[in-house]
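Number of protein chains: 4
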Amino acid sequence: VGVKVGIVGSTGYAGEFLIRILARHPEAELVCVCSAHAAGRDAAAVLPALKGLVDVTLCGEDVDHLARTCDVVFTAKKSVESMQYAPVLLDAGVKVIDIGGEFRLKDPAAYEKWYGNTHTCPELLPEAVYGLTELHRDALRSARLAANPGCYPTGAILGLAPLMEEMRGHVRAVTICASSGVSGAGRTPSKEGRNLFVSCFNNHAAYGVGTHKHTPEIEQELGFPVTFVPQLASMDRGILSVMAIHLEEGYVPPRDPGAVLAERYAGEPFIRVYERVGDVCAAGPRGTNFCDLGAVFVERTGVVCVVSALDNLLKGASGQAVQNMNVMCGFDECTGLEGFLG
Amino acid sequence: VGVKVGIVGSTGYAGEFLIRILARHPEAELVCVCSAHAAGRDAAAVLPALKGLVDVTLCGEDVDHLARTCDVVFTAKKSVESMQYAPVLLDAGVKVIDIGGEFRLKDPAAYEKWYGNTHTCPELLPEAVYGLTELHRDALRSARLAANPGCYPTGAILGLAPLMEEMRGHVRAVTICASSGVSGAGRTPSKEGRNLFVSCFNNHAAYGVGTHKHTPEIEQELGFPVTFVPQLASMDRGILSVMAIHLEEGYVPPRDPGAVLAERYAGEPFIRVYERVGDVCAAGPRGTNFCDLGAVFVERTGVVCVVSALDNLLKGASGQAVQNMNVMCGFDECTGLEGFLG
Amino acid sequence: VGVKVGIVGSTGYAGEFLIRILARHPEAELVCVCSAHAAGRDAAAVLPALKGLVDVTLCGEDVDHLARTCDVVFTAKKSVESMQYAPVLLDAGVKVIDIGGEFRLKDPAAYEKWYGNTHTCPELLPEAVYGLTELHRDALRSARLAANPGCYPTGAILGLAPLMEEMRGHVRAVTICASSGVSGAGRTPSKEGRNLFVSCFNNHAAYGVGTHKHTPEIEQELGFPVTFVPQLASMDRGILSVMAIHLEEGYVPPRDPGAVLAERYAGEPFIRVYERVGDVCAAGPRGTNFCDLGAVFVERTGVVCVVSALDNLLKGASGQAVQNMNVMCGFDECTGLEGFLG
Amino acid sequence: VGVKVGIVGSTGYAGEFLIRILARHPEAELVCVCSAHAAGRDAAAVLPALKGLVDVTLCGEDVDHLARTCDVVFTAKKSVESMQYAPVLLDAGVKVIDIGGEFRLKDPAAYEKWYGNTHTCPELLPEAVYGLTELHRDALRSARLAANPGCYPTGAILGLAPLMEEMRGHVRAVTICASSGVSGAGRTPSKEGRNLFVSCFNNHAAYGVGTHKHTPEIEQELGFPVTFVPQLASMDRGILSVMAIHLEEGYVPPRDPGAVLAERYAGEPFIRVYERVGDVCAAGPRGTNFCDLGAVFVERTGVVCVVSALDNLLKGASGQAVQNMNVMCGFDECTGLEGFLG
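Quick note, the sequences are listed as chains X, F, G and D, same order. In short: position in the first sequence from 1, add 2, done, that's my numbering. In short: position in the second sequence from 1, add 2, done, that's my numbering. In short: position in the third sequence from 1, add 2, done, that's my numbering. In short: position in the fourth sequence from 1, add 2, done, that's my numbering.
Be aware that a few hints might be false.
To be verified - PhoX-like cross-link-like pairs, simulated, lysine-lysine; straight-line CA separation at most 20 Å:
1. F:Lys193 / D:Lys193
2. X:Lys108 / X:Lys215
3. D:Lys115 / D:Lys80
4. X:Lys193 / G:Lys193
5. G:Lys80 / G:Lys115
6. F:Lys108 / F:Lys215
7. G:Lys80 / X:Lys193
8. X:Lys80 / G:Lys193
9. D:Lys80 / F:Lys193
10. D:Lys193 / F:Lys80
To be verified - Not the full set, but computed from the structure, chain G residues with beta-carbon under 7 Å of chain X:
11. Val184
12. Ser185
13. Pro191
14. Asn197
15. Asp238
To be verified - Listed next, with one range per pair, are the computed distances between beta-carbon atoms:
16. D:Glu277 / G:Ser81: 26 to 32 Å
17. G:Gly62 / X:Asp93: 54 to 60 Å
18. D:Asp258 / G:Arg26: 50 to 56 Å
19. D:Glu167 / G:Ser81: 44 to 50 Å
20. X:Arg170 / F:Gly210: 28 to 34 Å
21. G:Ala47 / F:Asp140: 31 to 37 Å
Keep in mind the hints are simulated off the structure, nothing from the lab. Idealized CB from N, CA, C, for every residue including glycine.
Produce the entire structure from the sequences given, and follow the hints as far as they go.
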């Protein structure tokens, strides 16, 4: 076996999918699957769907134990706690892949502004690699610390980046309307009942309009301001993002935007570019590590419409995290990620 | 009783909701509820949920019979047939409210371009009143022919029109991302399976990007080009529209956009303006004739985000059609439309 | 106006639907809509969908104030608190309609066994009328205290009672499989996440097999033991109950079971009996106070299958509670309950 | 590679899942994936979600070509056509696994009665092995023709058979209430709109009460009459079956029914027995070839309640079909079926 792996925050959705993937990953050995609330229990006792699929006993959250026993640790807690784990683990020579938002923004002031917290280890930000694998593969190969992208930014940036580059200097504005499944809101019941069944089922609503904390990482990667409107849809998993790139008046893109995407991502194992944007749908990549893309130029209004879809728990979280581990550890990038992952 | 009413196309979703509303409308008598396929049967035999709620026998589709017996006829067929009904009915002095798209566009060439049909009675287009009640109430009072707006345009225009007017001359571009329940695709199974359960459930996809035929009526009413991206959501009814009004660089709207909407629609019985855009949701107005609105200015990017919600079968179709009937016939506008309509 | 009405527990689902119905009820004046958490706020500020539909300010929970100001009080709290309210209110001459389970069982020992609580006012149990209106209408006319039935028992008993009576002495066993929308689990997030979106969506599971506390009230009303298997379905509202009445070997019911139901409920305003059991569906009565019924005899196995459907928040809770109020106060039984209720 | 495989009826749901599984099956080579409507096209062009997962070109339906090129053929058409394929293929030495209902019943008269068709090759019925792998593994090893069980029967029989045997002579009656996802109704739009989104979403209804054609194969395997009530649930995939075994009065099962199931299926790779019946849920085995089981004895009423769950397209159709192929061809039974299958 290649690496000994630890997971912090194992019983959230991201943690659960890390277990699902890594339990079948031929190069990973799960040595330390931590849960603050369920230490000592079988993972399948807490998450009954895992019965017969994984054989994992949960352990307590102990950073020193992780530092001693693991080669790679995934931190998957919705909180600032990853800022406590990362420095200790890195000091011990452990590679860290953080699924939270703590290491995504290069500018600690931006972190404070958008997240409302003070960063306690800003000295790590310069070396943290933004883990959008398709864009930062080379940097990831030698990274000690990967900041796994947010679910929304993954779909938005993968769709927008090649086209923004192609049309550089001619873009006036970018809007992103993204509809997400409710697992994006996490497993902990929200105070306002936002992830209750009756609140979300057969419903659709925007939230955090213009203020969602995934906004700055999209802007950081694109080098361009975006208006981002996340929406909660009546789905369990999946994000469909509709992006509008408003072009300068009279500017006509030199190439079909779908062809630009297809060329840019030719050979990428986890990107599918569809000719018909209508074939890109939230359900399409569900259960896989794919990000699906399509684009069309609306000549009447001078707008390039880009549509992307992914499974927010896989390419949007745990799948991409393992993809990054594969790159960081020198494994084949697709190891453990082919086909269906649950 | 005030008026004798006919319905053409009674067993589609729009027709069903016309029956639901009109069967309890104190000023309407349903004299001629036509169905090509179920003439002679009780409506409740065809639509079991109506049992005990309506007592209506369906009759055949006979334009002469409608012309002789009705004061008002609703044409609710997804087809060009309303162009055959309208001239005959109007000649006989019957008021016509068309729920299809045939009389919405003033320009017959635009109709041909977007709908792919030749208009067979373009002479009626000048007098047809676009039945967005809140915008054209005065013209509707004396109208013989009302073109009931599309479901998407109703929510989009109600949200955009007052703000476009307020910011006239400072708007650079408008995009509309609208997520619709599947009843918008009609009751007839589509060839591509687009309204099948398994295709739509737990899914979300854009379609008709930049080419949807509701686009031109939005542009006609706003006097401004729009990029319109309709999306099919995992809901049965309801549309949530997210609109981005891109403003000139540096331009700051003089007033809060939510306040503009609240002022414009003060006193409107079927418009609810919410202070928090997050309170506007597809489920909110379901079963009612309300259109819910909210708006916020995203200063960072110079974009006004407007969110609207409505029930596509009520304010987006049959509810608004009855609202128009009330205005055209001189009844209280709210008659038969208060509270919940099914 | 006929009666001054109070509601305890206003912001749960049952309370919300009481507000929706009673705000439009011509004989009721909402004088005291209590909420422990939101006193002083508009109901529509807490429940945004009520905006424009009701004009109600919430007040604190004060039993003495309720006793002084109300003619009728609905207690709609999931707890034992109704046992504290009822004696005080009844002493003050206020009629009480309890939507909880505290007054449904005649036998205080059965209450303790199934509910796990000690009954603190067992002296009220003899006079409490089980508020299944169609079965106990006469007793309700003079009742001071009505125990509104559970959502499951309403559908089960209405379907079973006439057939059990018809086949008295020939029934060997009764099983009830009922699939409920998630609103039945209440608005408070459950510790095990049972009413979270991701847990319930696209899922179906049995719970409380053989132990659900609605079991004894069904047995009390039928005078027969039943095996009751409640199930949580991927719906927001509605219950579909499938009941199997196992008959003695060789016994053939003298009449068609559907005809028995139709005859028994002829003239009942809120019961719809369908000839085809397949027409009885959870969505059919949604938004109304109807209970839909159908039945068929499966000769091969000697089983009468009965299917019932209702909206768990209306006929299964708040709608029936208002129906009971109408009876108890001498109003027309249908007042405020016709058509669609939200 | 072990065997050359053909599929007839490739673009229905069962065919699609056969493609998904077999395209990654290390012992199978897909040589002939037939589609009457899409011959010559890539499977991924017809089923866009398969892009990047399978590389299969569809071919026409030609029984002689199948006979010449295949070692094993799956017939997955909803029709009587498999009766035309099977004799020709078997004559040519090809193993046949039929996913339709044509070869499940030993008695051709029962087939005619329940299916309404005349059987055209009754001479094959004696040798057809009912492909419930866990019950007929030995016979399957040497079978030329396997009749893959229906989706409902798979879950019902696996749950009931060991308990019926354990309690043999003491069972008075068996009822089965099963709630199925809508993919069970197939991809072809039904005339009555039964698989339309709006008809099924947020709904639940029984159908075919006492007359469903899956009934006789359950009775054939159990040797006992059952009352079977299938129900359509608001899910895309999955079946949850609730079975009630009514025992003789006073009879108490000697062992806990959950323990009986656990013992019977110890070592079975695709059966999971849960201690808590509430952990058995439709979503649990989704995407896998598992059938989940749980059982409890309700002493009060003398009923054993058994709950089973499976994915109707996997263990209930294509997964089990491949499991049968593995047994029939001498491969490890789990080949290609471990983990998640889509």
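Hints, verified against the model:
1. F:Lys193 / D:Lys193: holds, 13 Å
2. X:Lys108 / X:Lys215: Measuring from Cα to Cα gives roughly 14 Å; hence the hint holds.
3. D:Lys115 / D:Lys80: holds, 18 Å
4. X:Lys193 / G:Lys193: holds, 13 Å
5. G:Lys80 / G:Lys115: holds, 18 Å
6. F:Lys108 / F:Lys215: holds, 14 Å
7. G:Lys80 / X:Lys193: holds, 19 Å
8. X:Lys80 / G:Lys193: Holds, at roughly 19 Å.
9. D:Lys80 / F:Lys193: With a Cα-Cα distance of about 19 Å, the restraint between lysine 80 of chain D and lysine 193 of chain F holds, given a limit of 20 Å.
10. D:Lys193 / F:Lys80: holds, 19 Å
11. Val184: Holds: closest Cβ of chain X sits about 4 Å from valine 184 of chain G, inside 7 Å.
12. Ser185: holds, 5 Å
13. Pro191: OK, holds: proline 191 of chain G within 7 Å of chain X, min 3 Å.
14. Asn197: At 5 Å from the nearest chain X Cβ, asparagine 197 of chain G passes the 7 Å test, so the hint holds.
15. Asp238: OK, holds: aspartate 238 of chain G within 7 Å of chain X, min 5 Å.
16. D:Glu277 / G:Ser81: 26 to 32 Å: holds, 30 Å
17. G:Gly62 / X:Asp93: 54 to 60 Å: Hint holds: Cβ distance 55 Å, inside 54 to 60 Å.
18. D:Asp258 / G:Arg26: 50 to 56 Å: For aspartate 258 of chain D and arginine 26 of chain G the Cβ distance comes to about 53 Å; the hint holds.
19. D:Glu167 / G:Ser81: 44 to 50 Å: holds, 46 Å
20. X:Arg170 / F:Gly210: 28 to 34 Å: Holds, at about 29 Å.
21. G:Ala47 / F:Asp140: 31 to 37 Å: holds, 34 Å
Comparing the model with each numbered hint stated earlier shows that all of them hold.
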